[in-house]
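Visitor: The primary structure of each chain is shown beneath.
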Amino acid sequence: MPSRRVLMVASEPERLTALIHLLGASGIEAAHVQTAAAARSWLRIHRADLGIIDLADARERDARAELIREQKERTSGLDVVALVGELDDSLRRLIRERGLANFVGHRPGEAADPLELAVTVRKLVDDDIFGLDKYLAAGAETQGFVVRSLRERDQACDEVRAFCSRFGNHELVSDGLATAADEMVSNVLGHHDDQREASLSVGCDGRRIAIATRDPHGDLDGETVLRCITACFDASTAPREGGLGLFAIFRLVQQFVINLEPGRATEVIGVVDVTRSFQAFSRKAKSFNLFRRRGSD
Amino acid sequence: MELEIVRDELGVIVRMHGRLDEQFDPAALAAQLSGKARVDLERVRHINSAGVRRWLELMDALPPEVTLILERCPAAFMQQASFIRGFLGRAQVASCFAPYLCSACDRGAMVLVERATARKPTMRRCDTCGGSMELDALEETFFCFGDEPGG
Numbered sequence: 002m003p004s005r006r007v008l009m010v011a012s013e014p015e016r017l018t019a020l021i022h023l024l025g026a027s028g029i030e031a032a033h034v035q036t037a038a039a040a041r042s043w044l045r046i047h048r049a050d051l052g053i054i055d056l057a058d059a060r061e062r063d064a065r066a067e068l069i070r071e072q073k074e075r076t077s078g079l080d081v082v083a084l085v086g087e088l089d090d091s092l093r094r095l096i097r098e099r100g101l102a103n104f105v106g107h108r109p110g111e112a113a114d115p116l117e118l119a120v121t122v123r124k125l126v127d128d129d130i131f132g133l134d135k136y137l138a139a140g141a142e143t144q145g146f147v148v149r150s151l152r153e154r155d156q157a158c159d160e161v162r163a164f165c166s167r168f169g170n171h172e173l174v175s176d177g178l179a180t181a182a183d184e185m186v187s188n189v190l191g192h193h194d195d196q197r198e199a200s201l202s203v204g205c206d207g208r209r210i211a212i213a214t215r216d217p218h219g220d221l222d223g224e225t226v227l228r229c230i231t232a233c234f235d236a237s238t239a240p241r242e243g244g245l246g247l248f249a250i251f252r253l254v255q256q257f258v259i260n261l262e263p264g265r266a267t268e269v270i271g272v273v274d275v276t277r278s279f280q281a282f283s284r285k286a287k288s289f290n291l292f293r294r295r296g297s298d
Numbered sequence: 003m004e005l006e007i008v009r010d011e012l013g014v015i016v017r018m019h020g021r022l023d024e025q026f027d028p029a030a031l032a033a034q035l036s037g038k039a040r041v042d043l044e045r046v047r048h049i050n051s052a053g054v055r056r057w058l059e060l061m062d063a064l065p066p067e068v069t070l071i072l073e074r075c076p077a078a079f080m081q082q083a084s085f086i087r088g089f090l091g092r093a094q095v096a097s098c099f100a101p102y103l104c105s106a107c108d109r110g111a112m113v114l115v116e117r118a119t120a121r122k123p124t125m126r127r128c129d130t131c132g133g134s135m136e137l138d139a140l141e142e143t144f145f146c147f148g149d150e151p152g153g
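Chains A and B supply the protein sequences, listed in that same order.
Position 182 (the first sequence) corresponds to 183 in this note's numbering; numbering is contiguous.
Position 132 (the second sequence) corresponds to 134 in this note's numbering; numbering is contiguous.
Because the hints were derived from the structure by calculation, they are not lab data.
Some hints here could point you the wrong way.
What the hints assert, rightly or not - What the simulated footprint calls covered on chain A by chain B, stretch by stretch (three residues with Cβ under 8 Å from a Cβ of chain B suffice, anywhere in the stretch; the number is not a length):
1. 84-91
2. 100-106
Said to hold, decoys possible - In the EDC-like style, the derived pairs of lysine to aspartate or glutamate whose C-alpha atoms are separated by at most 20 Å in a straight line are:
3. K124/A - D134/A
4. K124/A - E111/A
5. K285/A - E11/B
6. K287/A - E142/B
Cβ atoms here follow ideal geometry from the backbone N, Cα and C, with glycine treated the same way.
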């Protein structure tokens, strides 16, 4: 496999050390620059498969956002993962106006989760996007359900709640994951002329719980998803009609992932860290990823 | 969703049992509400977005002469109130269950909190070890009680 390379634009490279090691283990090289200007100079000489651009640094924020806009305008521009501290207007504009589809949240002063970032990078670089297992450590316990009706959905959600309760003592997190499962399944089953079924999975590796639905239709529209996600940034703009289910999932999980192969498959994944308190869960910055199989648009 | 009409020392109260989802009929609940109406939500155990839409319909259609008092609201209901604009409408939350965490043994518990004392510093003891329990949620967003009571 030819060498793959990621360009990181961040002020504090020491916070990316763990990620660089993880990517190296997968055969992905990482180059690092500290400013948007240095990134432009670097890109005149070198090639990269992906950019990781940290928007949480206030001093460089506008310049890096402009760098993302430039790259997104070019047909051969870098695909980008943004590291973000807050869900604000600047990020909203990058998503709505430039189609930024991947951001990873981290609290100011803390590094982004290297495992979460490494999974995101590998999926984008290798175009291998499907699978709940990517979000869980090896040996994770998993459970699966096939759901064809609202009655089966309710039973499956109760099973998800019971599963989650075994791995954490935060009732609200278990409730939230059961509700997220409900929204994911309802999104597959609802408003279609044909009889549909959803594959629902839940798994836990002791640190994270991940839930996913998968269907063979691939009819979730990526642009609609991005529009709904930006509406989720602020509770006062919560959609009262269409998109309320996506809004609920986004609010109830820490990492919200949508994998799309139009016409063939849709997978929706939610991930929660169950080792921390509910308050820590509430404070954690949100991450969102929309992955589209190459050549499938 | 089942509705149970019971009478206690303060008058009539409607108890809701079950899932707040697409099967919830806001008209059935609205028909039970008049004057100062109390609804006990403790046994509502699952709320999805279809149920939220139905609930919003109820809030939008609430006649002005009805004062709706919500009692024993589950934490998941309070979460929705903090997420969704207009979720409480003109309703007032009198009490709710809030997540607390023991700082000594890390045990979590849902504690019934009255509106009047929610934001006051109150010592809560863990049933398991006697340690001090602290609110395991963001106070500023979790305690979203709606209109001031007394109307």
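Visitor: Take the hints in turn and mark each one as holding or not.
Guide: Status of the hints after comparison with the structure:
1. Proximity of the region 84-91 of chain A to chain B, defined as three or more residues with a beta carbon under 8 Å from a beta carbon of that chain, is not established by the 0 residues found.
2. Chain B is given as covering the region 100-106 of chain A, and this is violated because 0 residues of the stretch bring a CB closer than 8 Å to a CB of that chain, at least three being needed.
3. With a C-alpha separation of about 12 Å, the suggested pair K124/A and D134/A falls inside the 20 Å cut-off, and the hint holds.
4. Annotation: proposed proximity of K124/A to E111/A is violated, straight-line Cα distance about 24 Å (limit 20 Å).
5. For the proposed pair K285/A and E11/B, the alpha carbon gap of about 44 Å is over 20 Å, so the pair is violated.
6. Between K287/A and E142/B the alpha-carbon distance is near 19 Å, which keeps this suggested pair within the 20 Å criterion.
Hint violations for this structure: numbers 1, 2, 4, 5, all remaining hints satisfied.
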